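As you go down the protein sequences, you meet chains E and H in turn.
All letters in the first sequence, in the order written, are residues 1 to 191 by my numbering.
All letters in the second sequence, in the order written, are residues 1 to 147 by my numbering.
FYI, nobody ran anything at the bench for these hints, they're computed from the structure.
Errors might be hidden in some of the hints.
Straight-line Cα separation of at most 25 angstroms, SDA-like style, residue types lysine to any residue; simulated pairs [to be verified]:
| hint | chain 1 | residue 1 | chain 2 | residue 2 |
| --- | --- | --- | --- | --- |
| 1 | H | 90 | E | 40 |
| 2 | H | 90 | E | 45 |
| 3 | E | 80 | H | 94 |
| 4 | E | 103 | E | 164 |
| 5 | E | 69 | H | 90 |
| 6 | H | 40 | H | 87 |
| 7 | E | 98 | E | 139 |
| 8 | E | 160 | E | 40 |
| 9 | E | 98 | E | 72 |
| 10 | E | 26 | H | 120 |
| 11 | H | 134 | E | 139 |
| 12 | E | 69 | E | 52 |
| 13 | H | 84 | E | 42 |
| 14 | E | 30 | E | 89 |
| 15 | E | 69 | H | 109 |
| 16 | H | 90 | E | 80 |
| 17 | E | 80 | H | 74 |
| 18 | H | 61 | E | 54 |
| 19 | E | 26 | H | 90 |
| 20 | E | 26 | E | 141 |
| 21 | E | 98 | E | 147 |
Just a few of them, taken from the derived set where beta-carbon distance is under 7 angstroms, the chain H residues facing chain E [to be verified]:
| hint | residue |
| --- | --- |
| 22 | 46 |
| 23 | 50 |
| 24 | 92 |
| 25 | 97 |
| 26 | 135 |
| 27 | 136 |
| 28 | 139 |
| 29 | 141 |
| 30 | 143 |
Source: prediction; values computed, not measured.
Note that CB positions come from ideal geometry on N, CA and C, so glycine has one too.
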Amino acid sequence: MNKMGVWLLGAVPLLAVGPSDFDWSKLSAKAKETVEVNLDQNLLRVGGAFLSSRDSDQAVAKELVRDLKNVFVRVFEFEKAGEYTTQDVESIRSQFVKTGWQKVVDVKEDGGRETTGVYLQTAGDLIKGIFVLVAEPRELTVVHIDGSIRPEQLQDLGGKFGIPRMPGLTPQRGGEAKPKPEGPAKPKDEE
Amino acid sequence: MRTLTFGLLLMAATPLMAVDRYFEDAVEEIEARTGGRRVKIPMWGLVRWVGSAAMRPVGAKDFDLAVFEDLERGLVGRPFEWLKLGGDWKPVVRVHSPGRESVAIYVRQEGDWYRVLMATVERREAVVMKFAMKPEWVLTLVSTLRR
Numbered sequence: 001m002n003k004m005g006v007w008l009l010g011a012v013p014l015l016a017v018g019p020s021d022f023d024w025s026k027l028s029a030k031a032k033e034t035v036e037v038n039l040d041q042n043l044l045r046v047g048g049a050f051l052s053s054r055d056s057d058q059a060v061a062k063e064l065v066r067d068l069k070n071v072f073v074r075v076f077e078f079e080k081a082g083e084y085t086t087q088d089v090e091s092i093r094s095q096f097v098k099t100g101w102q103k104v105v106d107v108k109e110d111g112g113r114e115t116t117g118v119y120l121q122t123a124g125d126l127i128k129g130i131f132v133l134v135a136e137p138r139e140l141t142v143v144h145i146d147g148s149i150r151p152e153q154l155q156d157l158g159g160k161f162g163i164p165r166m167p168g169l170t171p172q173r174g175g176e177a178k179p180k181p182e183g184p185a186k187p188k189d190e191e
Numbered sequence: 001m002r003t004l005t006f007g008l009l010l011m012a013a014t015p016l017m018a019v020d021r022y023f024e025d026a027v028e029e030i031e032a033r034t035g036g037r038r039v040k041i042p043m044w045g046l047v048r049w050v051g052s053a054a055m056r057p058v059g060a061k062d063f064d065l066a067v068f069e070d071l072e073r074g075l076v077g078r079p080f081e082w083l084k085l086g087g088d089w090k091p092v093v094r095v096h097s098p099g100r101e102s103v104a105i106y107v108r109q110e111g112d113w114y115r116v117l118m119a120t121v122e123r124r125e126a127v128v129m130k131f132a133m134k135p136e137w138v139l140t141l142v143s144t145l146r147r
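My request is simple: use the sequences and hints to build the entire structure.
Okay, structure coming up:
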C-alpha cells in the first residue's frame, strides 16, 4: 500500500466522526429521559423553501432554517444531580469543538452549578456553525447547528425544533459577542 | 399456465408489498414488546378514506392509526431500540423515558412527499400513526416541539 493510501485510511475516522457518531449510550443509559432531534439538510432545504412567509410561525422557521445544513439536539434529564461527570461533559465538548471554534458565551449561574457555553465556528464574518452545551445538575443539553446563522437568531431558535429555551444565550443582542474565560461545567455533586 | 403466470405475478409484486410493511411491522413490534392488543376502531376504514381523499388535514394523506390499550408492560431496555426502521428512514425526533414513555417520529422522503411514522408508547397505552405530508409541514410539525 502506498503512502497516500495509508494517509487516506488514517483520515477516514476523522472525516467520519460527527455528532451522530458520538456514543451517547452511556449518558442515555443513566438518564431518566433522553430527547433527540435530528434535522438534515434535505429536510431543512426542501421544507424551508416551501414554508409560508405569510404564516407567522412558518415565516420565523423559514428565516431560521434558510441556510442551515443540520440541526442536532440531545437533552438528557437525570433523576438526581451528579449522574454525569465533568469527563462526560469534556468528552462531548472535545468531540464538537475543534480547531477554529471560538467560545463566545460562558454563563455561570447558581454558583457555577449551571453553565452555558456557546461556541462559534466562523469563516471571516460568516458563522458556519454553533455549538451550545448547557450543563445543569440534573440536565445536560447539547445543540449543534451546522450552517449559517446569526447569533441573535439563537434566541428565536430556543423553544423550537426541540431546542430548549436557554436564558442568557444571547446577552450581546445588538452588540458584539465577547469571548469569556472558559471554565469546565461542574455538576452539583462534584463540587 | 395460468397458475404459473399468477405465481410469477405474485412473485413480482412481493417486493412492492414488502416496501409498505413498515407500519404493520411497527404495530407487531409494539404488540410483542408490550403485550398490548390493537383496539378496533369502528368505521375506521371509512374515516381513513374520507380523511385521505377529502379532508387531508394539514395536507396529510395516506394515513393510518393503531391504538393499543392495557399494555402489560412499558418499554424498557436501551432507548430507541424498540422501533427499528431500515432503509431510508431517518429519526427526526425521539424521546425516551425508560418504562414511562417513548415517542419516535421517523421520516422517509418519497419524491415531493415525506412519509412519516409516529409512535408513542406509554405505560398502559400506545399509538402508532403513519401519514405522508409535504416537507414544509414536517418541518412545521418539528418546529412546534417545545420543551
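Earlier hints that do not hold, by number: 6, 11, 16, 22, 23 and 29
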